[in-house]
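> Okay, here's what each chain looks like letter by letter:
There are 2 protein chains.
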Amino acid sequence: MNDRMYTHANPYILVYHERAAALCAKELHNLGVTNIHIASSEEEVEPLLDQVEIIFCWKFPIRLFAKAPALKWVQLMGAGVDDVVLSRQLPKEVVLTRIIGQFGAAMAEYVFAHVLYQIKQLEMWRTQQQELIWKPKSVPLMRNKTMAIAGIGSIGQEVIRLGRAFGMRVIGLSKTSASAHWVDQHYSTNQWGEFVAKADIIVITLPHTAATQGVFNRKIFDQMKSDVIIVNVGRGAVLNEDDLVHFLQRHEQSVAILDVFNTEPLPKASPLWTMPNVVITPHISGPSSMVDVSVFFYENLQRYVQGDRLHGQVDVEAEY
Amino acid sequence: MNDRMYTHANPYILVYHERAAALCAKELHNLGVTNIHIASSEEEVEPLLDQVEIIFCWKFPIRLFAKAPALKWVQLMGAGVDDVVLSRQLPKEVVLTRIIGQFGAAMAEYVFAHVLYQIKQLEMWRTQQQELIWKPKSVPLMRNKTMAIAGIGSIGQEVIRLGRAFGMRVIGLSKTSASAHWVDQHYSTNQWGEFVAKADIIVITLPHTAATQGVFNRKIFDQMKSDVIIVNVGRGAVLNEDDLVHFLQRHEQSVAILDVFNTEPLPKASPLWTMPNVVITPHISGPSSMVDVSVFFYENLQRYVQGDRLHGQVDVEAEY
Numbered sequence: 001m002n003d004r005m006y007t008h009a010n011p012y013i014l015v016y017h018e019r020a021a022a023l024c025a026k027e028l029h030n031l032g033v034t035n036i037h038i039a040s041s042e043e044e045v046e047p048l049l050d051q052v053e054i055i056f057c058w059k060f061p062i063r064l065f066a067k068a069p070a071l072k073w074v075q076l077m078g079a080g081v082d083d084v085v086l087s088r089q090l091p092k093e094v095v096l097t098r099i100i101g102q103f104g105a106a107m108a109e110y111v112f113a114h115v116l117y118q119i120k121q122l123e124m125w126r127t128q129q130q131e132l133i134w135k136p137k138s139v140p141l142m143r144n145k146t147m148a149i150a151g152i153g154s155i156g157q158e159v160i161r162l163g164r165a166f167g168m169r170v171i172g173l174s175k176t177s178a179s180a181h182w183v184d185q186h187y188s189t190n191q192w193g194e195f196v197a198k199a200d201i202i203v204i205t206l207p208h209t210a211a212t213q214g215v216f217n218r219k220i221f222d223q224m225k226s227d228v229i230i231v232n233v234g235r236g237a238v239l240n241e242d243d244l245v246h247f248l249q250r251h252e253q254s255v256a257i258l259d260v261f262n263t264e265p266l267p268k269a270s271p272l273w274t275m276p277n278v279v280i281t282p283h284i285s286g287p288s289s290m291v292d293v294s295v296f297f298y299e300n301l302q303r304y305v306q307g308d309r310l311h312g313q314v315d316v317e318a319e320y
Numbered sequence: 001m002n003d004r005m006y007t008h009a010n011p012y013i014l015v016y017h018e019r020a021a022a023l024c025a026k027e028l029h030n031l032g033v034t035n036i037h038i039a040s041s042e043e044e045v046e047p048l049l050d051q052v053e054i055i056f057c058w059k060f061p062i063r064l065f066a067k068a069p070a071l072k073w074v075q076l077m078g079a080g081v082d083d084v085v086l087s088r089q090l091p092k093e094v095v096l097t098r099i100i101g102q103f104g105a106a107m108a109e110y111v112f113a114h115v116l117y118q119i120k121q122l123e124m125w126r127t128q129q130q131e132l133i134w135k136p137k138s139v140p141l142m143r144n145k146t147m148a149i150a151g152i153g154s155i156g157q158e159v160i161r162l163g164r165a166f167g168m169r170v171i172g173l174s175k176t177s178a179s180a181h182w183v184d185q186h187y188s189t190n191q192w193g194e195f196v197a198k199a200d201i202i203v204i205t206l207p208h209t210a211a212t213q214g215v216f217n218r219k220i221f222d223q224m225k226s227d228v229i230i231v232n233v234g235r236g237a238v239l240n241e242d243d244l245v246h247f248l249q250r251h252e253q254s255v256a257i258l259d260v261f262n263t264e265p266l267p268k269a270s271p272l273w274t275m276p277n278v279v280i281t282p283h284i285s286g287p288s289s290m291v292d293v294s295v296f297f298y299e300n301l302q303r304y305v306q307g308d309r310l311h312g313q314v315d316v317e318a319e320y
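Same order as they appear, the protein sequences are chains U and S. Quick note: the numbering used here has the first sequence finishing at residue 320, numbered continuously throughout. Quick note: the numbering used here has the second sequence finishing at residue 320, numbered continuously throughout.
Note that these hints are calculated values from the structure, not bench results. Any given hint could turn out to be false.
Given that identical chains are not distinguished, each listed pair holds provided it fits within a single copy or across any two copies.
[Said to hold, decoys possible] Below are the SDA-like pairs computed for lysine to any residue, each with C-alpha atoms no more than 25 Å apart in a straight line:
id, residue 1, residue 2
1, LYS137, PRO61
2, LYS92, SER226
3, LYS92, LEU122
4, LYS137, GLU252
5, LYS135, PRO276
6, LYS145, LEU122
7, LYS137, VAL295
8, LYS137, SER40
9, LYS137, PRO287
10, LYS135, PRO271
11, LYS135, GLU42
12, LYS135, TRP58
13, LYS137, GLU123
14, LYS135, GLN118
15, LYS137, ASN277
Just need the whole structure built from these sequences, with the hints factored in.
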């Protein structure tokens, strides 16, 4: 915390969300929070900027952060912070927090639903049923396959835990070795090639930072197995989509399961939409209910008022 | 074991399989077993009956067991024994063994692949992709759902273990309470109604015995939630298919995932093939490679020759 923090026990709070600001405000009101103000658009924000001390928001108009002289704390409603951090528009003295610990379960379920769909060949069985065909065939086991998790934060850890439950070999790559004990083998950021070469399944849970921007490029794809399954639930920008398309065109046995993209919504002109070995979902792997994020904010607000360290605090220099 | 067991160290072994007898025999030969004879049809079996001491088989012509005067042990290549046991054609003094401990992993993977497909609504996302639609929507979590496992043998236990890994509440029903410690709540066979009423997902891993024959009937279906997911990887005969069809027609939100049927292959005339809330697979949830079953038999053969108790021994009276 810094010296701008904590002026009074009833700070002026702005809740910003294009569709759900009122819903969040109601949740907070039910939890006993007062002095809540809501906005759904830039126009509605501007008259409130002079007084606001705390912003609780989803897709806030970033350039306005610098126009709030009393602003001390921004709580984002999501896990990703790249929009804010990479914009460099947040004054240094403002504390930035994100939601942590709420997305792991849903995202791991997303990953295993889609990976099992591929490994257990559900598409083939579905087609056989449609054609009234009874033709037994053995399908591969998850057990003993190697799952590589890029990024070992709270989301990656949940994927690792379930991977182990399925009897898989689990390897991981992360910037620091602090989380190395989570995996059977840990790789550092200068070992991308060796890391992906080992994997039957690659799960990307990386944040978007200057260092991860486009890290999955042609050179890295070329070191993957020709029948790899790639799952991206991190950020679209960590992956060069043109290089991915090129790789998938040459390796028809490979599959990409993509929930995040360079541009969202994914433009209709993208070749990814119609490739037979690509699965597209509209950024839904890590949902969090308005109730859950409001409770997270409420608990952080108690810490704020008491001058305690906030949960989910972002290291703006490290960009995540 | 009984007094007919173990006559000499090199017993006469018949390997029977309609398609893979030679492959099994080769595996056994590679493991150092001699005195192996193979057959793929009833005609090929008959000349060998006088001498055979051990039969290692898949779908053996059951009435021939009684025509082998020197027969002491039958090792089935599968986990299910209903064909043999319910036929009452196996002489009492012949030891019957089945494969155990090899099917759990594959069957649990089958169960979770299909359950996740339903819960995470992969069909809906697939349709959206085909229509180039980007429309986010939150989908249910596996976590905190109640999974009910009917039958707590080695297969049921593997399903329970993964259910826990997904954060589900796991309840179980079995004939004896010996396996009650595996589940959050245990039900006995006089509590079918209460058991199924609690379940979001029902996984049937029951063997087919006189007691389990048709136990899933109209009365039991009527006590299930209207949006239940039913998975049958046990035996088709434990479930009344007409009653199931009736239930699924009235409850469109319910889904049945069926790998086993009263008659297999499932007749083309069955309404199950084309119902929108039914998933059909051709008895593939619990495969085992010829290598795996051959190794299981080989290890049991060592025990046989040494006069030790065999693994997977069937209690013919209990019918499983």
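> Now look at each hint and say whether the structure bears it out.
Hint check:
Taking the closest pair of Cα atoms, LYS137 and PRO61 come within 25 Å of each other only across two copies (23 Å); inside a single copy the shortest separation is 54 Å, beyond that limit. Taking the closest pair of Cα atoms, LYS92 and SER226 never come within 25 Å of each other, the shortest separation being 46 Å inside a single copy and 54 Å across copies. Taking the shortest Cα distances, LYS92 and LEU122 never come within 25 Å of each other, neither inside one copy (50 Å) nor across copies (43 Å). When the C-alpha separation of LYS137 and GLU252 is checked against a cutoff of 25 Å, the pair qualifies only within one copy, where the shortest distance is 21 Å, while the shortest distance between copies is 30 Å.
Taking identical chains as interchangeable, the C-alpha atoms of LYS135 and PRO276 lie at most 25 Å apart whether they share a chain (23 Å) or sit on different chains (20 Å). In the homo-oligomer, the alpha carbons of LYS145 and LEU122 lie at most 25 Å apart both inside one protomer (18 Å) and across protomers (23 Å), since each shortest distance falls under that limit. Taking the shortest alpha-carbon separations for LYS137 and VAL295, only the inter-copy value of 21 Å comes in at or below 25 Å, while the best intra-copy value is 49 Å. In this assembly of identical chains, the alpha carbons of LYS137 and SER40 lie at most 25 Å apart only when taken from different copies (20 Å versus 54 Å within one copy).
Taking identical chains as interchangeable, the C-alpha atoms of LYS137 and PRO287 lie at most 25 Å apart only when they sit on different chains, with a minimum of 9 Å there against 36 Å within one chain. For the homomeric pair LYS135 and PRO271, the shortest alpha-carbon distance between copies (18 Å) is at most 25 Å, but the shortest distance inside one copy (34 Å) is not. For the homomeric pair LYS135 and GLU42, the shortest alpha-carbon distance between copies (24 Å) is at most 25 Å, but the shortest distance inside one copy (59 Å) is not. Taking the shortest alpha-carbon separations for LYS135 and TRP58, only the inter-copy value of 18 Å comes in at or below 25 Å, while the best intra-copy value is 50 Å.
In this assembly of identical chains, LYS137 and GLU123 lie within 25 Å of each other by CA distance both inside one copy and across copies; the values are 13 Å within and 23 Å between. In the homo-oligomer, the alpha carbons of LYS135 and GLN118 lie at most 25 Å apart both inside one protomer (18 Å) and across protomers (23 Å), since each shortest distance falls under that limit. Taking the shortest Cα distances, LYS137 and ASN277 sit within 25 Å of each other both inside one copy (21 Å) and across copies (23 Å).
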